[in-house]
Structures are given as C-alpha cells and as structure tokens.
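Starting from the known structure of chain L, fit chain V onto it as the hints suggest.
There are 2 protein chains.
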Amino acid sequence: MSALEPVGEGFVLADVDPKSTPGVADRADAEAQLEANHDELGSLQERLWAESKFGGTRSVLLVLQAMDTAGKGGIIRHVVGGVDPQGVTIHAFKAPTEEEKRHDFLWRVRRELPPPGIIGVFDRSHYEDVLIHRVRGFSTPEQIEERYGIITDFERELVASGTRVIKVMLHISKDEQKARLTERLERPDKHWKYNPGDVDERMLWPAYQQAYQIALTRTSTPQAPWFVVPADRKWYARWAVQSLLLDALRELNPQWPTADYDVEAEKKRLAAT
Amino acid sequence: MSALEPVGEGFVLADVDPKSTPGVADRADAEAQLEANHDELGSLQERLWAESKFGGTRSVLLVLQAMDTAGKGGIIRHVVGGVDPQGVTIHAFKAPTEEEKRHDFLWRVRRELPPPGIIGVFDRSHYEDVLIHRVRGFSTPEQIEERYGIITDFERELVASGTRVIKVMLHISKDEQKARLTERLERPDKHWKYNPGDVDERMLWPAYQQAYQIALTRTSTPQAPWFVVPADRKWYARWAVQSLLLDALRELNPQWPTADYDVEAEKKRLAAT
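Chains as they are written, first to last, in UniProt numbering: chain L, 1 to 273; chain V, 1 to 273.
Looking at chain L on its own, in the form it has when it is part of the complex:
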C-alpha cells in the first residue's frame, strides 16, 4: 500500500524533502518488496489483458514527469520491466516534430494511449506543454492558462473511457542532480547519457519548480491525481512507483474472463483431432 498522498489543497512542492522515504523501513526492505511484488504486478496485468480479450476496456496509464536525471528510465527498467513486455507500451515524448506542431498539443498524446488490457507509460507527456512551455516561453501565458483546463477535461474523458491514470513527478534535489550529471561526465561509459542542454535546463531550476508547483496543483483531480515521489534515493522512488501501480491494479481487480465458447464441445472437437 503506497504511503503517498495525492497532491491536494494547500500542496507545496518545496515542502517535500527529496531525500525522504515515507512508508518503507530502509533500502533492504524496499528492494526486497520491489522484487517480491513483481509477480503480483505481472499477474494483475495478465488478468487485465485476459479481460480485454473478452470485451474489457480497462487500461492503466502511468505518466512520468521529472527534471533530468531524476530516474524515469530506471523506473521503467526496474518497475515496469517486471511486467510481461507484451503487456506494456512505452512512449518517450521528445521535442515535437514539425508534423506534431501542426496539430493541437494533445494530438500526439492521444495516438499513444494504451489500448485495453495494457499498462501504458509516458516518459514525459502533455505536461511538457505547461512546463517547458511556461519556463521557456514557447507558448503565451494565455495559451498555458487555457491548457490546464484542456488537460483536466482530457483526463476526465480518459478515465471515463476506462483508463486508470496515475501521474508521478519524480522529485530530486538540485544537489542530487549535480552529483548525477557529474557522474555522467566522469564515466566514459555514461558520456552518451549526457547532453549539454541538460545544464541549460538546470540553470532554470527555480522556474521549473514553480512551473511544477502550478501544474501539479491545477491538474491534480480526484480521478487523475498527481503523486510527488521523493527521488533522491532511487531505491525509494522505484518502490513508491511500484506501490502506486499495485494499488491501482488491485483496485481494478481484474478477473479471468468466462469463456464465450462451449468448453465441453471444444474438448470433444479437440479430442477428435
């Protein structure tokens, strides 16, 4: 059971300690639980998939947002990697292409939504359109203001159509980011993970924190809540996101579907071959 509360009334991002580890005793405990829970998570997804083969329309969408190096990739590898890869779709949203720019900002997002039975993961998302767009001025304040409402409407529609939406901000400290970027520069086998643009973004740290504060509080709704996951300790963030996924799937509680064919007749038909 996740120990994290969804973002609600009076939430202040700056009050969340990125080093904190609510809900788990220590690293050994978190890692043991992570490992032990892979089977249940995989089994719940398999049932959700089975259900979808017989008309079920439910799916799960995990939205991951974070500053660079916060560990989105590690979450996908170590948490989502515990599920059958056939039961997962992952989409990393990059800077929009020329074609994507010709459409409204949700166009490319709608194309990547998980089909029934599937856990979809967004590595960045439509929230970039109110985060980097606010910080870098890629859109006008009026456009950004309008988008909070467009997003909550979109997510309400998504939830109504059967998709469980879990939105996670991995929250790291500025010091921890510096340590992780430094490591990428010091290890030749990590050089490929470093991009000079990462430092440019880092210089805008306070503006990003403010943009997150606004986006989180404006778009955390009962049907599609935001969770801020302290992420300075990778083992904690992985445990916490797995807990959120497990909570969601346990609540969906998918069941093996009943055959829509005559089982006894099929047994006879098969026996005769």
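The set of hints was computed from the structure by calculation and includes no laboratory data.
In this text the structure is predicted, and so the values were computed from the model without any measurement.
There could be a bad hint or two in this list.
Far from chain L, some chain V residues (derived; all Cβ distances over 10 Å) [what the hints assert, rightly or not]:
hint, residue
1, 19
2, 50
3, 191
4, 192
5, 230
6, 233
7, 259
Quick list of in silico lysine-lysine cross-link-like pairs, BS3-like style, CA-CA up to 30 Å [said to hold, decoys possible]:
hint, chain 1, residue 1, chain 2, residue 2
8, V, 19, L, 267
9, L, 53, V, 53
10, V, 234, L, 174
11, L, 268, V, 268
12, L, 94, V, 190
13, L, 53, V, 193
14, L, 267, V, 267
15, V, 174, L, 268
16, L, 53, V, 267
17, V, 190, L, 193
18, V, 53, L, 174
19, L, 190, V, 267
20, V, 174, V, 193
21, L, 193, L, 174
22, V, 190, L, 178
23, V, 267, L, 19
24, L, 178, L, 94
25, V, 234, V, 190
26, L, 193, L, 94
27, V, 190, L, 268
28, V, 268, L, 53
29, V, 94, V, 174
30, L, 234, V, 174
31, L, 178, V, 268
32, V, 53, L, 268
33, V, 101, L, 267
34, V, 193, V, 101
35, L, 190, V, 178
36, V, 19, V, 268
37, L, 190, L, 234
38, L, 268, V, 178
39, L, 174, V, 19
Note that the Cβ used here is the ideal one computed from N, Cα and C, for glycine as well.
Coordinates of chain V only, in the frame set by chain L:
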C-alpha cells in the same frame, strides 16, 4: 553459443525432432544459463542504444513464427523480458485490417521495423502471407510464388540498412499442441487463451508443415537465416532463442560511443551551477 545450424541446402523440417535439445545438458542447465545471461543481453542492448544516440544505425529484428501454442508469448516474456523494456519494440501481426489490405503485404511490416538501437520482435510477420495464405488459399499460387523473392529482396535491403535479422520457427509436435490446447480448456484461468479457431488450424497441420518447409527453404539466406528451434520443451526453446540473440549481439559488438561535446568544458559549466 547457439548449437543450432541455420536452415540450408537439403533441410527437411520433418527430420527435426521437436523434443530434441541440442547444445544444452538438461533443464537445470538451460534455466541457469537463461537467468545468468539476462545481464549480458541487457548490457549489449544498452550499448547498441547508446551507439544509436551518436549516429549508430544498427538494430536487431527477431521474427517469431510458429503453430499455435508453440510458445511465442513465453519467448517474449522470458527471453525478451530480460532486456530493458525501453530497448524493445514488440508487434503482434493479426489478420490484416481493411486499411492494411489496401496496401502491399510488406506495408504494415515496414511500419513496425525497429529503429536504431532497438531489438524489434515480430510475433508472426510477413511470413503469414506465404503460410496461412498458402494453406487457406487467401492468395493465388502465382502471388505466393512471387512473394518468396519479394521477401528475400526486402530482407536483404533491411540487413544492408543495418538491421540484424534472426528468423525463428518454434517447432512443436502435433501431440504437444494437443496437450497444450487441452490444458487451456481444462483450466478456467486459461480459457481466455483458447480460441475455437485454433482447432480449425490444427486440422490443417500437414498443410502447414508443408508451407513451412517451402517457406523456410526458399527464404533462408546467409544474411537472414532461418533457425528451427525444437519447442516441445519450453525451457529449451527459451534457452535456444536467447542464445541466438546473444550470438547476434556479441557479433555486432556495440561500443560505448565517444562524446561529441567537450567533456572538460562541460565539467566546468556544470560545476558553476
């Protein structure tokens, strides 16, 4: 190192024993190797991905073909599942949609090819157009005849553009299929995996074996060879496909790329933030 020889001159599918286990001592050995090799496979894929971020164009395509219940899904789950899900794309080719039917048979295949750095998996493929199409008469003999050449041309082009192509037929016996279908009917938690159409296809067993014999021998080329993997023992098939993937990736031998930015200058820039 895989013990399997590619399909070549004089190959006879009927001579391959689906119960055989060439190259491995026993089940315990195969399962231990499967587990132990996950890290190397994952690490090789990560290097391939890193390489692609700095201009590399290489990728891997694993084509899986088989009679129903032969274990394609299990291969994806237990072999491909050992790789970071961000490094894998999986596409299951179903009966073509109306839109797909309006295009040539390779149109939908080209859209699902793995991008650079990625291991792509095809669960069924363009080979359906010379397998079920031959058995069911969905295309004329002339069309099917023409396709073998179209396919080998297509795969030559694919290999030339940097994609390593591994084609696997999982080979099960008719008796083993019966046992697996029977289990699906006997266990309510497996009913969803059963489709009455499976028995219809089963009744055409000899025609399918003949279609495979022809397709395998006509399209196994030095650049894109076919491997027939005995699949009555799931633990063997998983070990064998992992070995084929490992062989391919070891041969590609991807390396961590050299930074295309000034590492020392970036260290200073980062230190100042």
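We went through each hint and held it up to the structure:
Consistency note on residue 19(V): stated as away from chain L, and its beta-carbon is indeed over 10 Å from all of that chain's, at 20 Å minimum. With a cut of 10 Å on Cβ distances, residue 50(V) falls inside the contact zone with chain L, its closest approach being about 4 Å. With a closest Cβ-Cβ approach of about 4 Å to chain L, residue 191(V) is found to fall inside the 10 Å limit, against its non-interface label. Under the 10 Å C-beta cut-off, the non-interface status given to residue 192(V) relative to chain L is violated; the minimum distance is some 4 Å.
With a closest Cβ-Cβ approach of about 22 Å to chain L, residue 230(V) is found to remain outside the 10 Å limit, as its non-interface label requires. Listed as a non-interface residue, residue 233(V) keeps its Cβ farther than 10 Å from every Cβ of chain L; the least gap is roughly 21 Å. Its beta-carbon lying about 4 Å from the closest one in chain L, residue 259(V) breaks the requirement of being farther than 10 Å from that chain. With a C-alpha separation of about 25 Å, the suggested pairing of residue 19(V) with residue 267(L) holds against the 30 Å cut-off.
Between residue 53(L) and residue 53(V), the direct Cα distance comes to roughly 37 Å. Violation of the 30 Å bound is thereby established for this hinted pair. Among the hinted pairs, residue 234(V) with residue 174(L) is inconsistent with the structure: their alpha-carbon atoms are about 49 Å apart, more than 30 Å. Among the hinted pairs, residue 268(L) with residue 268(V) is inconsistent with the structure: their alpha-carbon atoms are about 75 Å apart, more than 30 Å. For the hint pairing residue 94(L) with residue 190(V), the CA-to-CA distance comes to about 40 Å; that exceeds 30 Å, so the pair is violated.
Among the hinted pairs, residue 53(L) with residue 193(V) is consistent with the structure: their alpha-carbon atoms are about 9 Å apart, no more than 30 Å. This hinted pair does not check out: residue 267(L) and residue 267(V) have alpha carbons roughly 68 Å apart, beyond 30 Å. This hinted pair checks out: residue 174(V) and residue 268(L) have alpha carbons roughly 17 Å apart, not beyond 30 Å. Only pairs whose Cα atoms come within 30 Å are accepted, and residue 53(L) paired with residue 267(V) is rejected, the gap being roughly 52 Å.
Of the pairs offered as hints, the one joining residue 190(V) and residue 193(L) is violated, with about 43 Å between alpha carbons and a cut-off of 30 Å exceeded. The straight-line distance between the Cα atoms of residue 53(V) and residue 174(L) is roughly 26 Å, inside the 30 Å bound, and the hint therefore holds. Annotation: proposed proximity of residue 190(L) to residue 267(V) holds, straight-line Cα distance about 14 Å (limit 30 Å). Distance check on the hinted pair: residue 174(V) and residue 193(V) sit about 18 Å apart at the alpha-carbon level, within 30 Å; holds.
Restraint check for residue 193(L) and residue 174(L): satisfied, since their Cα atoms lie roughly 18 Å apart, inside the 30 Å limit. Under the criterion of a C-alpha separation no larger than 30 Å, the hint pairing residue 190(V) with residue 178(L) is inconsistent with the structure, at around 50 Å. Distance restraint check for residue 267(V) and residue 19(L): the Cα-Cα separation of roughly 25 Å lies within the 30 Å cut-off, and the hinted pair is therefore satisfied. About 23 Å separates the Cα atoms of residue 178(L) and residue 94(L), which keeps this hinted pair within 30 Å; it holds.
Among the hinted pairs, residue 234(V) with residue 190(V) is consistent with the structure: their alpha-carbon atoms are about 17 Å apart, no more than 30 Å. With a C-alpha separation of about 15 Å, the suggested pairing of residue 193(L) with residue 94(L) holds against the 30 Å cut-off. About 17 Å separates the Cα atoms of residue 190(V) and residue 268(L), which keeps this hinted pair within 30 Å; it holds. At most 30 Å may separate the alpha-carbon atoms for a hinted pair to count; residue 268(V) and residue 53(L) exceed this at roughly 55 Å.
Taking the CA atoms of residue 94(V) and residue 174(V), the gap is near 23 Å; set against the 30 Å cutoff, the hint holds. Proximity of residue 234(L) to residue 174(V) is assessed by CA-CA distance (about 49 Å); at most 30 Å being required, the pair is judged violated. Simply put, residue 178(L) and residue 268(V) have alpha-carbon atoms about 12 Å apart, close enough for the 30 Å limit, and the pair holds. Between residue 53(V) and residue 268(L) the alpha-carbon distance is near 55 Å, which puts this suggested pair outside the 30 Å criterion.
Between residue 101(V) and residue 267(L) the CA atoms are separated by roughly 34 Å; this puts the pair beyond 30 Å, and the hint is violated. Distance restraint check for residue 193(V) and residue 101(V): the Cα-Cα separation of roughly 26 Å lies within the 30 Å cut-off, and the hinted pair is therefore satisfied. Between residue 190(L) and residue 178(V) the alpha-carbon distance is near 50 Å, which puts this suggested pair outside the 30 Å criterion. In summary, the hint linking residue 19(V) to residue 268(V) is not supported, as the alpha carbons are separated by about 62 Å, beyond the 30 Å threshold.
Simply put, residue 190(L) and residue 234(L) have alpha-carbon atoms about 17 Å apart, close enough for the 30 Å limit, and the pair holds. For the given pair, residue 268(L) sits about 12 Å from residue 178(V) by alpha-carbon distance, which is consistent with the 30 Å threshold. For the hint pairing residue 174(L) with residue 19(V), the CA-to-CA distance comes to about 58 Å; that exceeds 30 Å, so the pair is violated.
Checked against the numbered hints given earlier, this structure breaks hints 2, 3, 4, 7, 9, 10, 11, 12, 14, 16, 17, 22, 28, 30, 32, 33, 35, 36, 39; the rest are met.
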